[in-house]
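Please build the complete structure, drawing on both the sequences and the hints.
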Amino acid sequence: MAKILIVEDESLIAKIYAIRLTAEGYEVLVAEDGQKGLELAMQERPNLIVLDLMIPKISGDVVLAELRKNPATRNTPVLIYSNLSDDSERAKLKSLGATEFLVKAKVSAPVLVEKINSYLKKA
Amino acid sequence: MIDIFVRILFFYLIVLNFFLAFFILFRNPKKRINQSFALLCIVLSVWIFALFASQNLSTNPQIWLKLAFFTQLIIIINSWYISFIYPKRMQLLQGAALIFGTAYFIIFSILLFFSSFWLSRLGTYGNAFLLYSTISWIPITWTILNFRHKLAKSVGLEKIQLKYVLMAYVFWAVNANFLANIFSISGNDLAFFAFSGLASLVFTVAIFYAIARYRLLDIRFLVSKAVVYGLLLLVVTLLYTYILFVLGLYFYQFQLDFTNLLVTLSLTLLVAITVFPLKKGLEKLTNRALLKGKILTNEALKEFSALFVQSYSLENLAQKFCLRLRQTLNLENANLLVLNDDKFFSFPQKDTNNFDYKELTRLLKDKDNELIFDDIKEGKLKDFMRKRNIYFLQSFKKRTITAVFILGYKLNGDIYYDDERNFLNLLLSQFFIALERVLIYEDLKNFNQTLSRKVKLATSNLRSNNKSLRKALELKDELISVVSHELVVPMAAISGSISTVLEGYTGRIPAKSSKFLQAVYNENIRLLRMTKNLLNISKIKAGNVRYFIESFNPSAAMEEVVEFLHGVATERGVKINLITSKEKTRVKADRDKLKSVLINLIDNAIHHSEAKQIELSFQKQGNLILFTVKDEGVGIPVSEQKNIFIDLDLLNNKKKLIKKGRGLGLYISQKLLSGMNGKIRLESKPGKGSTFSFTLPSAQKL
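So the protein sequences, as listed, match chains A and B.
The letter at position 51 of the first sequence is residue 51 when you use this note's numbering, and the numbering goes up by one with no holes.
The letter at position 291 of the second sequence is residue 291 when you use this note's numbering, and the numbering goes up by one with no holes.
One thing to keep in mind: the hints can contain errors.
What the hints assert, rightly or not - One-sided and incomplete, this derived list gives chain A residues near chain B with beta-carbon spacing under 8 Å:
| # | residue |
| --- | --- |
| 1 | E10 |
| 2 | I19 |
| 3 | A109 |
| 4 | P110 |
| 5 | V113 |
To be verified - Derived SDA-like pairs: lysine to any residue, alpha-carbon spacing no greater than 20 Å straight-line:
| # | chain 1 | residue 1 | chain 2 | residue 2 |
| --- | --- | --- | --- | --- |
| 6 | A | K106 | B | A556 |
| 7 | A | K106 | B | S495 |
| 8 | A | K15 | B | I494 |
| 9 | A | K106 | B | S481 |
| 10 | B | K539 | A | D87 |
| 11 | A | K106 | B | Y164 |
| 12 | A | K106 | B | T500 |
| 13 | A | K115 | B | S495 |
| 14 | A | K106 | B | N522 |
| 15 | A | K106 | B | N533 |
| 16 | A | K106 | B | I494 |
| 17 | A | K15 | B | A699 |
| 18 | A | K106 | B | T531 |
| 19 | A | K106 | B | F564 |
| 20 | B | K476 | B | N533 |
| 21 | A | K106 | B | V489 |
| 22 | A | K115 | B | E560 |
| 23 | A | K106 | B | A557 |
| 24 | A | K106 | B | I540 |
| 25 | B | K595 | A | K15 |
| 26 | A | K106 | B | H485 |
What the hints assert, rightly or not - Between beta-carbon pairs, the in silico distance windows are:
| # | chain 1 | residue 1 | chain 2 | residue 2 | range |
| --- | --- | --- | --- | --- | --- |
| 27 | A | K69 | B | P510 | 46 to 56 Å |
| 28 | B | S460 | A | K94 | 44 to 54 Å |
| 29 | A | K69 | B | N577 | 25 to 35 Å |
| 30 | A | K106 | B | N577 | 42 to 52 Å |
| 31 | A | K106 | B | T506 | 21 to 31 Å |
| 32 | A | K69 | B | T506 | 36 to 46 Å |
| 33 | A | M54 | B | L479 | 31 to 41 Å |
| 34 | B | S674 | A | M42 | 19 to 29 Å |
| 35 | A | S59 | B | N577 | 45 to 55 Å |
| 36 | A | K94 | B | Q700 | 32 to 42 Å |
| 37 | A | K69 | B | K515 | 45 to 55 Å |
| 38 | B | S581 | A | S59 | 48 to 58 Å |
| 39 | A | K94 | B | N577 | 38 to 48 Å |
| 40 | A | V113 | B | P490 | 19 to 29 Å |
These aren't lab readings, by the way, just hints derived from the structure by calculation.
Just so you know, even glycine gets a beta-carbon here, dropped at the ideal spot from N, CA and C.
Spelled out as structure tokens, the structure:
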């Protein structure tokens, strides 16, 4: 069973993803802030991380940078799922190592689920 | 009696001619014409005198007579010369005249003085005289002809001047020579002299008149005055002489003879001439001696007037005035207070007098005459003046301007004399007038400055208003952007939650609930789209839109759009017909934005047209692809069709927006299309339906 880590501070949103992903057959872990997210990432070694940028304690881009530093999480696919749609941010995060950048407003929950499927069900 | 009259006349003529010579020469000593004319006058004087002397001086009358004839020669030659050079040099026969004239002069001079052919003794004239009087006609006629020639050529003033000169000359010459002719034959002397005098008189008077009236030789003013002066002298001396003589005759058996007459006349003339300058000199002396420090009021007033006229600034006027007044009257101090509206000035500014002007103005209230310490009664005012050593106070008030003159004691302790008080009276009222003028001028200057300052302020206000307005607009757009962003988040959450329930992830839901939940979901989607539209507007306005243009077949995108709106359409009972083209078409556009436009148009049709069917189609049109969204609904009123794509200002058209709800979507669609080189248009008939169509460039090469 593939493990997915969702780092999202809005609990409703996290619940929505969780319920769908669980229905898809994944194990879902939720972190409400960047610090918890890093901890869980190190502990549980998920197969994919959905990362929101606007999170408390440690912000998304720092978390991403940390994830890429650590050899354990260097290659984990990280989908940045955020409301920000700034092009410069996008480029910066891509250079930091984000696998993909998704805008919440444009990408709905089902689409996200499909995306995740495309990453995990391949392997 | 006639005899005496003639003698007096002769005397005057001699004097007048000298005057004339003097004025002519004085006018322009370097000019030849002036020199010649002056010489002529002088010689004429000598001629008259010689004639006169020959008659009345017993000692050797023959010499005098000879002198008379000699001067006559000179006169003839001189006039002849003048006829050549006045008013302008004449070359005609100058050479001949020169030779003849020289010869004439030399020969006859010799004959006159060194022979007895002309005049041997009194009463006996020789042949030379006859010869002379005959030949003299030649130069005389020549002179006259010259003048006539010049007269014919001249115009205007010059012509008149020449006329007089000619007339004078003719009269004299004809007279003198004609008589000479007669007497060379008849030998009678007496009439000769009288008539000569007359001739000379006419000459002199004519010349004087021509000068006074017609500016002969460019002398005018001086001579007019001189003429009047001369006449006055004449009258005065005659009067005095007459009185003296009468008195003399009566009291002293005065002998009436020529020497007496001459002496008296000369004396009275001298007195008459010297009286006036003497008087002035004496006056100055007595002034200095008796009236120490007394001012010459007229001159002082003149100087002050000059100051008043020249001043244009209050400071200039008042400072100089105080200073001068102090000097003129020799005062310890002279101060001035000026009140204009509520502005207060004190002069001279160097004095730190600390005048309690408020108290002063109170004390001076309603007193607008001059207040002199010595003359006023005991009281507050007198105490005030005593305390501050003020001798003279006067205030002038007119409308908003008040001037208070504060003068101290004289340096020598004297009182102000009557004429000084009169002087002050005149001066101060004049000053007040000048003060008014200066204050008005300063007000005008200030007004000008204030005006330009205010204009600058207003403009800077406008500019800063403009800036803040622009900032406000920017903030508004930012606000919309931020708010829209914030709104999207919860809406996305709602959307996600509802879809989770609807898709069964939370378990089975009853059909009724499902319907309602579906409605909620749809409305939420609409909300989301509207908010996104708002966001887009602010992005478009801020210029933050990026177009990713690709070439693609629009069919797929259109199918996606229909799919997307399926739920909304079904809910409203509206069917969307998609008519795809059989041809292979590729459009050059931003995919997402194309979809946005289509969604906007179809959504509008669903919600506003009240149609049951909406037709969506596209086709090739040359270089363009034409997309059409057609409905047969209520249509759009003609009055609104023009402005339908224009951004309706949310505030101004709240009503419209609430009613129609189209505004934003259409505006955005139009903007998005124009960013992709597309054009949109509307065709609508109220009651029949609306067709929105837009074109996008086609990607030609397959």
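Tested hints:
1. For E10 (chain A), the shortest C-beta to C-beta distance to chain B is roughly 7 Å, which falls under 8 Å, so the interface hint holds.
2. A distance limit of 8 Å between C-beta atoms decides the matter here; for I19 (chain A) the minimum to chain B is near 5 Å, and the interface restraint holds.
3. Given hint, A109 (chain A) at the interface with chain B, holds; its Cβ is 5 Å from that chain's nearest Cβ, closer than 8 Å.
4. Interface hint at P110 (chain A): satisfied, since its Cβ lies 7 Å from the closest Cβ of chain B, which is below the 8 Å cut-off.
5. With 8 Å as the threshold, the beta carbon of V113 (chain A) stays out of range of chain B, its nearest partner Cβ sitting at about 10 Å, so the hint is violated.
6. Simply put, K106 (chain A) and A556 (chain B) have alpha-carbon atoms about 18 Å apart, close enough for the 20 Å limit, and the pair holds.
7. Distance check on the hinted pair: K106 (chain A) and S495 (chain B) sit about 12 Å apart at the alpha-carbon level, within 20 Å; holds.
8. About 12 Å separates the Cα atoms of K15 (chain A) and I494 (chain B), which keeps this hinted pair within 20 Å; it holds.
9. About 16 Å separates the Cα atoms of K106 (chain A) and S481 (chain B), which keeps this hinted pair within 20 Å; it holds.
10. For a cut-off of 20 Å, the pair hint linking K539 (chain B) to D87 (chain A) stands: about 13 Å separates their Cα positions.
11. Between K106 (chain A) and Y164 (chain B) the alpha-carbon distance is near 119 Å, which puts this suggested pair outside the 20 Å criterion.
12. In summary, the hint linking K106 (chain A) to T500 (chain B) is supported, as the alpha carbons are separated by about 17 Å, within the 20 Å threshold.
13. For the hint linking K115 (chain A) to S495 (chain B), the alpha-carbon distance of about 18 Å falls within 20 Å, and the restraint holds.
14. Taking the CA atoms of K106 (chain A) and N522 (chain B), the gap is near 16 Å; set against the 20 Å cutoff, the hint holds.
15. The hinted pair formed by K106 (chain A) and N533 (chain B) meets the criterion: a straight-line CA distance of about 13 Å does not exceed 20 Å.
16. At most 20 Å may separate the alpha-carbon atoms for a hinted pair to count; K106 (chain A) and I494 (chain B) meet this at roughly 14 Å.
17. Note on K15 (chain A) and A699 (chain B): the hinted pairing is violated, with a Cα-Cα distance of about 45 Å set against a maximum of 20 Å.
18. Between K106 (chain A) and T531 (chain B) the alpha-carbon distance is near 13 Å, which keeps this suggested pair within the 20 Å criterion.
19. As the CA atoms of K106 (chain A) and F564 (chain B) are separated by approximately 13 Å, the hinted pair is consistent with the 20 Å bound.
20. In summary, the hint linking K476 (chain B) to N533 (chain B) is supported, as the alpha carbons are separated by about 15 Å, within the 20 Å threshold.
21. Proposed proximity of K106 (chain A) and V489 (chain B) is supported: the alpha carbons are some 11 Å apart, at most 20 Å.
22. At roughly 18 Å between alpha-carbon atoms, K115 (chain A) and E560 (chain B) fall within 20 Å of each other, so this suggested pair holds.
23. The hinted pair formed by K106 (chain A) and A557 (chain B) meets the criterion: a straight-line CA distance of about 16 Å does not exceed 20 Å.
24. The straight-line distance between the Cα atoms of K106 (chain A) and I540 (chain B) is roughly 18 Å, inside the 20 Å bound, and the hint therefore holds.
25. Of the pairs offered as hints, the one joining K595 (chain B) and K15 (chain A) is violated, with about 30 Å between alpha carbons and a cut-off of 20 Å exceeded.
26. This hinted pair checks out: K106 (chain A) and H485 (chain B) have alpha carbons roughly 12 Å apart, not beyond 20 Å.
27. Between K69 (chain A) and P510 (chain B) the beta carbons are some 52 Å apart, a value that agrees with the proposed interval 46 to 56 Å.
28. The hinted window of 44 to 54 Å between S460 (chain B) and K94 (chain A) holds, with their beta carbons roughly 48 Å apart.
29. Separated by about 56 Å at the C-beta atoms, K69 (chain A) and N577 (chain B) break the suggested range of 25 to 35 Å.
30. The hinted window of 42 to 52 Å between K106 (chain A) and N577 (chain B) is violated, with their beta carbons roughly 27 Å apart.
31. Evaluation of the 21 to 31 Å hint for K106 (chain A) and T506 (chain B) yields a pass: the beta carbon distance comes to about 25 Å.
32. For K69 (chain A) and T506 (chain B), the Cβ-Cβ distance of about 39 Å falls inside the hinted range of 36 to 46 Å, so the restraint holds.
33. Judged by the Cβ atoms, the range 31 to 41 Å given for M54 (chain A) and L479 (chain B) is violated: they are separated by roughly 19 Å.
34. Between S674 (chain B) and M42 (chain A) the C-beta distance comes to about 51 Å, which lies outside the given range of 19 to 29 Å.
35. At about 49 Å, the CB distance of S59 (chain A) to N577 (chain B) agrees with the hint of 45 to 55 Å.
36. Taken as a hint, the range 32 to 42 Å holds for the pair K94 (chain A) and Q700 (chain B), whose Cβ atoms sit roughly 34 Å apart.
37. In this structure the hint that K69 (chain A) and K515 (chain B) lie 45 to 55 Å apart at CB holds, the actual value being about 52 Å.
38. Here the CB-CB span from S581 (chain B) to S59 (chain A) is close to 49 Å, well matched to the stated 48 to 58 Å.
39. At about 42 Å, the beta-carbon gap between K94 (chain A) and N577 (chain B) stays in the expected band of 38 to 48 Å.
40. Take V113 (chain A) and P490 (chain B): their Cβ atoms lie about 21 Å apart, and the range 19 to 29 Å holds.
In this structure, the earlier hints numbered 5, 11, 17, 25, 29, 30, 33, 34 are contradicted, and the remaining ones agree with it.
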